[in-house]
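Make a model of the complete structure from these sequences and hints.
Here are the chains, one letter per residue:
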Amino acid sequence: MNNDVVIELNNAWKIFGEHAEEAMQAVNSEGLGKAEILEKYGAVVGIADCSFNVRRGEIFCIMGLSGSGKSTLVRHVNRLIEPTAGEIFLLGEDVMKLSPTALREMRAKRIGMVFQHMALLPHRSVRDNVAYPLEIRGESKARRWDVSQHSLSLVGLDGFEDRFPRELSGGMQQRVGLARALASDPDVLLMDEPFSALDPLIRRQLQDQFIALSEQLHKTTLFITHDLDEAIRLGTRIAIMKDGRIVQIGTPEEIVTNPADDYVRDFVQNISKLKLVFAHTIQVPFNQYKPMEGEDLSRSPRVSQDVDLDYLIDVAVKTTQPTVTTDENGNDVGVVSKDRLLQGIRDGK
Amino acid sequence: MPDDTKPDVTKAIPKIDLSDSIREFSRENSDYYVESFSQIQDSDENVTPWNKAALLFGPAWCAARGLWNLFWLFTIAEIVALVQIGRGLWGDLGAAKLAEAEQLMQRAQEIRFEGGMAGVTGGETASSAAEIAMNLEVAAQAATLEAQAAANLWWIYLLVGIVLFGVLRYVMGKYGNRIYELQYSAWRVNRKIASGLSTKRLAFALVLLIVMVPLTLYRFTATTPVSWLVGVPVSNVYYTNSANALDSWFDSTAEAGAGVFDGITAGAQTALDVIELLLVDAPWPVVAVFLVVIAWRVASIRVAIFTAASLLYIGLLGLWEASMVSIVLVGAAALFCVGVGIPLGIWFSRSERAYAVARPILDLMQTIPPFVYLIPIIAFFGTGRVPGVLATIIFAMPPVIRLTALGLRQVPGHVKEAAVAFGATKWKILFGVELPLATPAIMTGVNQTILMCLSMVVIASLIGAKGLGQEVLTALQFVAKGQGILSGLAILFCAMMLDRIVQGRFQRQEDQ
Chain A
1 MNNDVVIELN NAWKIFGEHA EEAMQAVNSE GLGKAEILEK YGAVVGIADC SFNVRRGEIF
61 CIMGLSGSGK STLVRHVNRL IEPTAGEIFL LGEDVMKLSP TALREMRAKR IGMVFQHMAL
121 LPHRSVRDNV AYPLEIRGES KARRWDVSQH SLSLVGLDGF EDRFPRELSG GMQQRVGLAR
181 ALASDPDVLL MDEPFSALDP LIRRQLQDQF IALSEQLHKT TLFITHDLDE AIRLGTRIAI
241 MKDGRIVQIG TPEEIVTNPA DDYVRDFVQN ISKLKLVFAH TIQVPFNQYK PMEGEDLSRS
301 PRVSQDVDLD YLIDVAVKTT QPTVTTDENG NDVGVVSKDR LLQGIRDGK
Chain B
350 MPDDTKPDVT KAIPKIDLSD SIREFSRENS DYYVESFSQI QDSDENVTPW NKAALLFGPA
410 WCAARGLWNL FWLFTIAEIV ALVQIGRGLW GDLGAAKLAE AEQLMQRAQE IRFEGGMAGV
470 TGGETASSAA EIAMNLEVAA QAATLEAQAA ANLWWIYLLV GIVLFGVLRY VMGKYGNRIY
530 ELQYSAWRVN RKIASGLSTK RLAFALVLLI VMVPLTLYRF TATTPVSWLV GVPVSNVYYT
590 NSANALDSWF DSTAEAGAGV FDGITAGAQT ALDVIELLLV DAPWPVVAVF LVVIAWRVAS
650 IRVAIFTAAS LLYIGLLGLW EASMVSIVLV GAAALFCVGV GIPLGIWFSR SERAYAVARP
710 ILDLMQTIPP FVYLIPIIAF FGTGRVPGVL ATIIFAMPPV IRLTALGLRQ VPGHVKEAAV
770 AFGATKWKIL FGVELPLATP AIMTGVNQTI LMCLSMVVIA SLIGAKGLGQ EVLTALQFVA
830 KGQGILSGLA ILFCAMMLDR IVQGRFQRQE DQ
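If you're matching them up, the sequences are chains A and B in order.
Sequential numbering of the first sequence, starting at 1, is according to this note's numbering.
Sequential numbering of the second sequence, starting at 350, is according to this note's numbering.
It should be emphasised that the hints constitute simulated quantities derived from the structure, not laboratory data.
Treat the hints loosely; a few may be bogus.
[Said to hold, decoys possible] Taking lysine to any residue pairs in the SDA-like style, the calculated list, with each CA pair at most 20 Å apart, reads:
{"hint": "1", "chain 1": "A", "residue 1": "K275", "chain 2": "A", "residue 2": "T257"}
{"hint": "2", "chain 1": "A", "residue 1": "K109", "chain 2": "B", "residue 2": "K765"}
{"hint": "3", "chain 1": "B", "residue 1": "K549", "chain 2": "B", "residue 2": "M561"}
{"hint": "4", "chain 1": "B", "residue 1": "K775", "chain 2": "A", "residue 2": "S99"}
[Unchecked claim] Interface residues of chain A toward chain B, partial, derived using beta-carbon atoms under 8 Å:
{"hint": "5", "residue": "N78"}
{"hint": "6", "residue": "L80"}
{"hint": "7", "residue": "H117"}
[Claimed, not checked] Some chain A residues near chain B, calculated using beta-carbon distances under 7 Å:
{"hint": "8", "residue": "R104"}
{"hint": "9", "residue": "A119"}
{"hint": "10", "residue": "H123"}
{"hint": "11", "residue": "R265"}
Source: prediction; values computed, not measured.
Even for Gly, the Cβ is constructed at its ideal location relative to N, Cα and C.
So, in structure tokens, the structure goes:
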């Protein structure tokens, strides 16, 4: 096993219902589909044959619409939901083989989780909410207070520690949720649609804050969202789910420029490509470019082939010439004409 | 601008054709119902096409078409109408008055006879007896006249009956279709609702009508109906035998378990004695100050003032000792209820099966009149304070159990899930998450239990528990209105005092 892989799921299945086991066998032997399983066994397929790896320090986004099984999937990592079949490894340990005590220990020490509906304890102060995971671990009061104070300052909630959660706004409550997840200094963050219940402006703020935090703390994160924009903003890599299956895994650029099927294509259609597509994707090789009348590549502006479309637009509006791209050594490698740029903005390639 | 430039949207909307589904619904005579339903549905006003079948057959039509509510309503109403007709035609209308007259005459004769006997010995009683007898005879004559007058009014009964019957059938005929159309609308969403015309239903309805109508008519119009129709013709042997069997069972159980029951009684008695020693025998100023300070510390200054005022009322009226005895009784019962009820509630919130078994028992505890279980409690535990506390516990325990179970079930799943995700054990979740979040419901249960405990003090005093209940009881025996109200108010103040102190503790927690 690769040491760098923090979370690994292999062929995980979850079938809900009384006859889940039989349904699972039928899937293995006959390859039944979701509808057939529902009809024959009255069982609902939550997730089907899901496999993925999350590498250390990565923010791995799982994106899907409601009912696609993404929240079910994330609950397999800490076994809040038991899989019907498949393997789950966390930090190289087989989660399925853990005893109840060892599992609780792993949840308390290795994993921090943030929930869509915050799930704060209304009868405890903000501080005691953040310190809750440490309290479960039996840490001393002084340590609990120190850590929760530090954790709250990480999310910018200094001075709110002696309030009750209900006195805070939704965005602040979710920051408390994040602080609580960070309090036990876990190796892994599981975030189940943490920003979905917030209004767009606050959501954006929290995303920015989370990105900054992430750069600072380098926590391996499994991030669930139904919002592709959010996944693209945050994700190192993105998995797209549909009907319990993962249909594509890739970097934001790969997803946007090279959707695996029509379902993904529909999603990415209206996504702005400006920050996701780079010059090297749309450029015409330098030696193949045929200059049009009045064009003189020697007078063209030169940019690195790794700049994004947003940057290319800034360059292109200041000149009548096509833009020439260069490699790291400064050699001309490609040309992006304005036509090509417009096409790239629309199609992403 | 004239209005007609606006396109008429209603004309553009195509009409849906319901006739097939109405046919499917009504089955027999479907063309008629398609016609009349569409009349009802199309019209803006209340168009009511006549239903001749409903008019002619009345309840039988309702039953055949599956309109059972209507069937019962009209059957009962029509029986009332038919009884009036029957009484008018052949009923003995003056019967009641005649019987009264006969009775009065008889009494008059008796008095006359007694007066005659008395007349032999002394004059005055005889003359007053004669006077009474005279008066009675006059009343008897008046009753006879009234009876004749009533018998002459037979046509009013007949008329009322016929008019009522006519109105009922008119309503059926007039509104039968509208009601049947409502049934159709309901049937469209729920196909289990009766449709069509069923001979089975009709036959069942006819059997019901044949049994009910003649018997009822006979019972109300015959001068002296046969006795088995008036009362249920059974001897009381079943009742006596069952009661005797239960009696001997209780007796033998009480005898067999005498050791156990006496042990419980003795143990509880000792516990009560200790508490009573504290509250009743301690100097009253000490107890009063103690209660007020407790109220202040645990609840608030307002509750403390209320407590002081209540204690003043109790003290000034000389109900101090009785009140303390009652508080001990109620406090012990409430403490037991809460101590046992909350764990039971926790268990019932987890185990659906246990709760399913417990629910009827809880219902029983709450609904069965306390007097019913007072009797066996006396058989087992004798009289005094302990059986009083036991009866109070039976009556007052259910709310705290129910509301604990309810409160725990209502704890949001996602909060519990979060606790699990952070590695909490079941016990930590119970004490750290579930119970705190269920506190409002549990405290409501505790409040209900305390109040129900206090409402039992009067009944508990029936079996020898002393205290305020006994004051009320003696007041009842001597119809001492003032005493009853004053000691009743003392019960109320004790209840409010206890409840405010307990609730105050919780209120403070909430406010923090």
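Tested hints:
1. A:K275 / A:T257: holds (12 Å)
2. A:K109 / B:K765: Holds. K109 (chain A) to K765 (chain B) sits at ~18 Å (cutoff 20 Å).
3. B:K549 / B:M561: holds (18 Å)
4. B:K775 / A:S99: holds (15 Å)
5. N78: holds (6 Å)
6. L80: With a minimum Cβ separation of about 6 Å from chain B (threshold 8 Å), the hint on L80 (chain A) holds.
7. H117: holds (5 Å)
8. R104: Hint holds; R104 (chain A) Cβ to chain B Cβ min 4 Å, cut 7 Å.
9. A119: Where the cut-off is 7 Å and the nearest Cβ of chain B is about 4 Å from A119 (chain A), the hint holds.
10. H123: This hint holds: H123 (chain A) lies near chain B, its Cβ roughly 4 Å from the closest one there, short of 7 Å.
11. R265: Violated, about 34 Å.
The structure fails hint 11 only (numbered hints given earlier).
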